[in-house]
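Guided by the hints, dock chain B onto chain A, whose structure is given.
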Amino acid sequence: NAGVTQTPKFQVLKTGQSMTLQCAQDMNHEYMSWYRQDPGMGLRLIHYSVGAGITDQGEVPNGYNVSRSTTEDFPLRLLSAAPSQTSVYFCASSYSPRTGGAWTDTQYFGPGTRLTVL
Amino acid sequence: GQQVMQIPQYQHVQEGEDFTTYCNSSTTLSNIQWYKQRPGGHPVFLIQLVKSGEVKKQKRLTFQFGEAKKNSSLHITATQTTDVGTYFCAGKGSSNTGKLIFGQGTTLQVKP
Numbered sequence: 051n052a053g054v055t056q057t058p059k060f061q062v063l064k065t066g067q068s069m070t071l072q073c074a075q076d077m078n079h080e081y082m083s084w085y086r087q088d089p090g091m092g093l094r095l096i097h098y099s100v101g102a103g104i105t106d107q108g109e110v111p112n113g114y115n116v117s118r119s120t121t122e123d124f125p126l127r128l129l130s131a132a133p134s135q136t137s138v139y140f141c142a143s144s145y146s147p148r149t150g151g152a153w154t155d156t157q158y159f160g161p162g163t164r165l166t167v168l
Numbered sequence: 008g009q010q011v012m013q014i015p016q017y018q019h020v021q022e023g024e025d026f027t028t029y030c031n032s033s034t035t036l037s038n039i040q041w042y043k044q045r046p047g048g049h050p051v052f053l054i055q056l057v058k059s060g061e062v063k064k065q066k067r068l069t070f071q072f073g074e075a076k077k078n079s080s081l082h083i084t085a086t087q088t089t090d091v092g093t094y095f096c097a098g099k100g101s102s103n104t105g106k107l108i109f110g111q112g113t114t115l116q117v118k119p
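Protein chains in written order, with my numbering: chain A, 51 to 168; chain B, 8 to 119.
With the rest of the complex left out, here is chain A (with noise of 0.2 Å):
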């Protein structure tokens, strides 16, 4: 397995310019995650999904899109880029398995994409 890849590993937009980050995980997990990263920030979540066809917004959404058609891939889109979004933007995928009548998950990382916005 691959577990979670991320492409691509680093990208520098110009402001106004848009993208895609592309993620996909190979495990068949259902929730899928994507973070951002910045110094003294820890990981702040952007958006998420639960399964195919479902998506939700953490905690910054402002300025992204998320679509997740398949199980697999979950793209991130910059609708039109900003030198605030300049940042280490890290995938992630878990499931759910239920454990002694608690709901546990895990969180497994892709290598995360290194984006500067000028």
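Keep in mind that the hints were calculated from the coordinates and are not lab data. Hints are supplied without guarantee of correctness; some may be wrong.
To be verified - Mimicking DSS-like on lysine-lysine, the simulated pairs with C-alpha atoms at most 30 Å apart in a straight line are:
#, chain 1, residue 1, chain 2, residue 2
1, A, 59, B, 106
2, A, 59, B, 43
3, B, 58, B, 77
It should be emphasised that the depicted structure is a prediction, and the values quoted were computed from it without experimental measurement.
Positioned in the frame of chain A, the structure of chain B alone reads:
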């Protein structure tokens, strides 16, 4: 909304010293997870705590979940240079949506 605060933000220790990072949630959590991110890498799952007052150990690492399920800690005994990295806690609320809220992380530097 749910917030997870983590302290300290940075910690420098001499190799062999102990290290502790603390995590506090504004709401009661159904579970809390801990992740480690090596410099230049991605977060990697360490452990999950589910029960009130739970304590788990992984070699030199000890994880605790508070009685009220609103706080947690990670303690490393006798740090080594391989412990260098950023440690994140992540809390999950009561609804099963797969939505985790991460703390800001604690970056550990270990001087040999």
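Worksheet entry | Hints violated by the structure (listed by number, smallest first) | Of the numbered hints given earlier, the structure breaks none, since each of them holds.
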